[in-house]
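> Here is how the chains run, residue by residue.
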Amino acid sequence: MTDIFELLKGKQNSKGDFQKQPVIVQGITGKYGTRHTKLMIEYGTNIVAGVTPGKGGQKFEDAVPIYETVKEAVDKTGAKISIMFVPAKFFLGAATDALEAGIKLLVAIPEHVPVQDTMKIVEIAKQKGAILIGPNTPGVMIPGLIKIGIMPASPFKFGNTVVLSKSGTLLYEISNNLSNSGFGQCITIGVGGDPINGTRLVDAFDMVKDYPNLDGIVVVGEIGGDAEEVLAQKIIDENFEKPVVAYIAGRKAPKEKRMGHAGAIVMGNYGSAESKITMFSRANIPVAKRPVEVSILLAGKMEKK
Amino acid sequence: MRLLEYQAKELFKEYGIRVPDSIASKDIESGRKDAEKIGYPFVIKAQVPVGGRGKAGGIQKCHNEDEFELKYPQVLNMSIKGEKTRAVLLEKMSEYEKEIYLSLFLNRSKRCYTIISSAEGGVEIESVKDQVIREVGSGDVTKKVAEEVAKEIGLDENSIPHFVDILQKLSKLTVEKEAELTEINPLVILKDGSMMALDGKIMTDDNSNFRHKELAKYHEQTELEKKAEESGFSLVELDGNIAVIGNGAGLVMSTLDMLTDNGGKAACFLDVGGTATEESVYEALTLISKMKNVKAVLVNLYGGIVKTTIVASAFLKAYDDKIIILPVFARLMGAESEKSKEMLKDSETKLAPSIEEAINKVVMEVNK
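Respectively, the protein sequence lines represent chains W and L.
Each residue of the first sequence is one higher than the last, beginning at 1 in UniProt numbering.
Each residue of the second sequence is one higher than the last, beginning at 1 in UniProt numbering.
In short, the hints are calculated from the structure, not lab data.
Among the hints, a few may not be true.
Stated by the list, open to error - No farther apart than 27 Å at their CA atoms in a straight line, the calculated lysine-lysine pairs in the DSSO-like style are these:
1) K89/W <-> K61/L
2) K255/W <-> K81/L
3) K120/W <-> K368/L
4) K120/W <-> K81/L
5) K110/L <-> K71/L
6) K217/L <-> K89/W
7) K255/W <-> K350/L
8) K292/L <-> K257/W
9) K89/W <-> K361/L
10) K172/L <-> K252/W
11) K257/W <-> K143/L
12) K144/L <-> K120/W
13) K289/W <-> K361/L
14) K289/W <-> K350/L
15) K257/W <-> K81/L
16) K252/W <-> K217/L
17) K252/W <-> K295/L
18) K252/W <-> K290/L
19) K290/L <-> K257/W
20) K257/W <-> K55/L
21) K143/L <-> K157/W
22) K55/L <-> K120/W
23) K292/L <-> K128/W
24) K252/W <-> K339/L
25) K217/L <-> K98/L
26) K143/L <-> K255/W
27) K252/W <-> K169/L
As the list claims (entries may be wrong) - According to the in silico footprint, chain W covers these stretches of chain L (three or more CB under 8 Å from chain W):
28) 4 to 13
29) 73 to 80
30) 90 to 101
We put the CB at the ideal spot given by N, CA and C, even for glycine.
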């Protein structure tokens, strides 16, 4: 499998420093794209090119060249990472272009992408050996090094825990809490709140479980689907021994109602919080009742080790 | 969208899946005319977007006019699990030999469509032991696969072609309408081996609505839901008295959970979207002001990038404009929270340092 850490950090140079990996922004000239590109650059992300059809040849903020197509941007910069801010109905086309052009890590921010479009892109990504994160994700980051997403910088500090989350704001909230309690993060991945995720919780787990200094994993789930259950089963099957703690949003949500996220809906027992909490407890993963309890549970788990 | 039974059956019919004769109405005058057309006896079925209506009395047999006059208004005016009846379906009673189960649904963790079928129908599928489950990729079902499923659930030879036909039609409907779930429960087998859909449930992908103008007529929204959608918010109306607002679906769900844990009852779930702005918060408060039964507002904002002072000015503006007069209990996370506290100190908005404290205060307020 493609190593996400290597994709994000590059290889170490002779001094032991990581090389900032070049990143392309699809939809760089839109309101949202512009704002977050600035924030990513401010964070230190190496944004090397933008793509906006019709604006090729111009420059973003007088600095970042804009190209007509992803292929052109990739040819000129050699970037393997792209983040997209295109409207949902253009996701299918833009994501296909990116994967065809050789992008290996595609971070898809747009919300409201039709499920059938995501399923098509998941297939193409599989064929190309690429990682799709999202859609409807806040993104992925290695605190202090690279931020590819829309998350604010302040909640995150570098450390040795991992946060995997279906929700954006809960990712910020819980990471902030972890950072304040001394649990920095070596990577955080927002898998997104859609029914179909390019990177599922279980895939994200696979990407991070062998990180050498890993101290523990925090899973921020929510009602809908069975991604949490599948992850819990995997943790049982693999006999994964490092501390894992979880939070599940939506315990008190009514059934058969979509709670904000396209994926957050309980149908019968499928997707219910009880089902997820039961499976987590089978996997010996404590589930916090409130976001602030997550760091306390993690500290408790670490002490036992 | 979760289609009502009669809407699902309209689609079934369009795709050539047989359904009993039935007519839907929303008032008793139309109902009386429908009753004449259908002819007694028939079944009166509440059209609600939630399961379990049979147990709740939402399905009533009706043999004559006297019964009709009594039962139609009962069914029309009932609420099931907090959902009011949207319409009433009068449906010809059918004679059949057997009830089975059939559905196609989007299996999220496997990222493919799945056929679920069982020789046992008419009950909730979770309680059925012998389910046949087949993964079918993007939802297309070949004749071969459909035949295999038919045999696996143990259908008689003369029923198999009918089952194959219905399953393939259901598959076509699922793919073309971009449904996350299409369910026929029960699918009934008639004396001659042919089949008919006695009930139907269809969930479509809201995010594909823009490609399905033909389904727009099924989009049932309250006035408030429509307004919320126009503003780019997600709104779920609930039956409590504390309006819950926040940014990000996960955060608002989490707030709702904690509020309920502490004895509060939410009047709504309102997600203004991941990014909170002065405009979005002002609009959210405007929406809340149009809701009945709200006694207080609970706000939980994680404004990582947003300055909380921007949100604070939205509150002040809403009070100035007399949009709201309700007490607001808020927890604002983000830059300049001290300054926002100062801004709000003489207003009806009480800032709390933690969501737990805001919840305690709002629960005390409504119980005053």
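> Each hint needs a verdict: does it hold in this structure or not?
Each hint, compared with the structure:
| no. | hint | verdict |
| --- | --- | --- |
| 1 | K89/W <-> K61/L | violated (46 Å) |
| 2 | K255/W <-> K81/L | holds (9 Å) |
| 3 | K120/W <-> K368/L | violated (55 Å) |
| 4 | K120/W <-> K81/L | violated (37 Å) |
| 5 | K110/L <-> K71/L | violated (45 Å) |
| 6 | K217/L <-> K89/W | holds (21 Å) |
| 7 | K255/W <-> K350/L | violated (32 Å) |
| 8 | K292/L <-> K257/W | holds (20 Å) |
| 9 | K89/W <-> K361/L | violated (43 Å) |
| 10 | K172/L <-> K252/W | violated (36 Å) |
| 11 | K257/W <-> K143/L | violated (34 Å) |
| 12 | K144/L <-> K120/W | holds (24 Å) |
| 13 | K289/W <-> K361/L | holds (19 Å) |
| 14 | K289/W <-> K350/L | holds (25 Å) |
| 15 | K257/W <-> K81/L | holds (12 Å) |
| 16 | K252/W <-> K217/L | violated (31 Å) |
| 17 | K252/W <-> K295/L | holds (20 Å) |
| 18 | K252/W <-> K290/L | holds (24 Å) |
| 19 | K290/L <-> K257/W | holds (21 Å) |
| 20 | K257/W <-> K55/L | holds (20 Å) |
| 21 | K143/L <-> K157/W | violated (55 Å) |
| 22 | K55/L <-> K120/W | violated (41 Å) |
| 23 | K292/L <-> K128/W | violated (53 Å) |
| 24 | K252/W <-> K339/L | violated (34 Å) |
| 25 | K217/L <-> K98/L | violated (34 Å) |
| 26 | K143/L <-> K255/W | violated (35 Å) |
| 27 | K252/W <-> K169/L | violated (37 Å) |
| 28 | 4 to 13 | violated (count 0) |
| 29 | 73 to 80 | violated (count 0) |
| 30 | 90 to 101 | violated (count 0) |
Checked against the numbered hints given earlier, this structure breaks hints 1, 3, 4, 5, 7, 9, 10, 11, 16, 21, 22, 23, 24, 25, 26, 27, 28, 29, 30; the rest are met.
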